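S.K.: Those sequence lines, one after another, are chains S and H. For the first sequence, numbering that gives the first Met the number 0 gives the first residue as 0, with consecutive numbering after it. For the second sequence, numbering that gives the first Met the number 0 gives the first residue as 0, with consecutive numbering after it.
Source of the hints: derived by calculation from the structure; they are not laboratory data. In this text the structure is predicted, and so the values were computed from the model without any measurement. Every residue gets a Cβ at the ideal spot worked out from N, C-alpha and C, and that includes glycine. Be careful, since some hints might not be right.
As the list claims (entries may be wrong) - Quick list of the computed label-pair ranges, beta carbon to beta carbon:
1) S/K210 to H/T143: 30 to 36 angstroms
2) H/P21 to S/G156: 48 to 54 angstroms
3) H/S53 to S/G97: 23 to 29 angstroms
What the hints assert, rightly or not - Distance condition first, Cα-Cα at most 25 angstroms in a straight line; then the derived BS3-like pairs of lysine-lysine:
4) H/K62 to H/K178
5) S/K210 to H/K119
6) H/K178 to H/K57
7) S/K210 to H/K75
8) S/K210 to H/K178
9) S/K210 to S/K83
10) S/K210 to H/K94
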Amino acid sequence: MKKYVFVLGMCLMFLTGCVCPPKDPEALRVYEETNDPLEPFNRSMFAFNMAVDNLVLEPVAKGYRAVTPQIARTGVKNFFKNLKQPVYFANAVFQLEGQQALSIAGRFFANTLFGFFGFADTASDLDIPVYEPDFGQTLYVWGVKEAGPYLVLPVLGPSSPREAVGWGVDSVMAPLDWALKGEPVLLYSKFAVESFSKREGALEFLDSLEKGSTDFYATMRSMYRQNRKNKLENSNVIIGYDQVVQKKEYEFDFPIDDEFEEE
Amino acid sequence: MKKLLSLVLGLLMSVSVQAAEPSIMFVNNLTDDIITNVLETTDTQEEKFARFKSAFEKALDMKSIGQFVLGVYWRKATAEERQAFLNAFIDFTTKTWADRFDLYTGQQIVFSGSRNAEGKNQLYVDSTIENNPPVSVIWRLKQTKSGDFKIIDIIVEGVSMAMSYRNEYSAFLQKNGGKLSVLTKELEQKSANFSFTKK
């Protein structure tokens, strides 16, 4: 299934073609800043994803919220987060981040053994820091510094060639998915419930983002890029129970013409 | 008793931090003001919005932000076009931000320090919203000649508001032949048709 989607995506990409770099220097700067040569393809994929979201994900997420109490939803969210810890652990090891690996392992055991198989976040009560290294980040640490052009994947959403590969490797490494290999119904149910749980958590955020945007595609692209860059450059970010410590400085030039400084 | 003691200690500590760092005090006063006078009041949405908007306009350097957000389009625009854009931009942005006041459930902001930013008279104030998971918020400030501070950017989890608007508007303007008046009109229209989300 995944293979077909990928092949279909590739075909679409070549059919819709690329945008050629503009000649005007200012337009060229914007073109490089957005790094989105596949924009026509990406925009149609984005429209497709929005349609799927409007028809399925959002209504189901709203229904899910209507029929469940907050405490149950938090439990489900915790449960899925806990399932991801082995993958995070592997990536921490790949990146030779010993302290991160220990924290992740500690988190996984605390929540699995004392948190009802991960439904309760006991680890946060114990102040065990949160680390979520993924394989896209591992590739970055290994030297793949360029993410490649922006890429909107069907259903999965904003990505890039490096991040798409990372996602693939991470999903192959997920232990529960291995265990469910022979049970496609269970495997897809897990994927579905996880998606609805995630979408429920983002209902207000995505809603107000779309409401406040003149070009939702461009807003999502910008936010995805910035957030991803931050995660990669702050790979050692310590998320304690109540404090985030940025290790690397946030950087971009904020040029202000002198004409305003006189006022 | 223990609670009282930690409260007193906490107050003393926050006072000493504030005394040392006027930039942190500036942001802290602003967030305190918004938490007590906007987020935690039971006033109507309209009253909250009016108070939020006036605090927003006082604390943010909208001219610098507008200049950064529009980039080359700002340089090309006339003074009237710039002002019209700024008015529409402020109007619409404050409305979208005010739309989700109901999401606030008592989270506190902890300030961890300030540092210099690249650019003349610019600095960052680092803070964290206590939540699970916690949220990193970095305030980018500009110090004016008279020593006052103004906010020129807010960076949440590595996502800069100014950069996001810049990328969004340059995409919009590119699609619309680079005409600033079209963007201004779009923002005015969106702002006029805006209805606050019911809880």
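S.K.: A separate judgement is required for each hint: does it hold in the structure or not?
M.R.: Structure-based check of each hint:
1. S/K210 to H/T143: 30 to 36 angstroms: The hinted range 30 to 36 angstroms holds for S/K210 and H/T143, with Cβ atoms some 33 angstroms apart.
2. H/P21 to S/G156: 48 to 54 angstroms: 42 angstroms, violated
3. H/S53 to S/G97: 23 to 29 angstroms: 51 angstroms Cβ-Cβ, so the 23 to 29 angstroms window is violated.
4. H/K62 to H/K178: Cα-Cα ~19 angstroms, so holds.
5. S/K210 to H/K119: Given pair S/K210, H/K119 is violated - Cα atoms ~35 angstroms apart, limit 25 angstroms.
6. H/K178 to H/K57: Violated, at roughly 29 angstroms.
7. S/K210 to H/K75: 28 angstroms, violated
8. S/K210 to H/K178: 22 angstroms, holds
9. S/K210 to S/K83: 32 angstroms, violated
10. S/K210 to H/K94: Holds, at roughly 10 angstroms.
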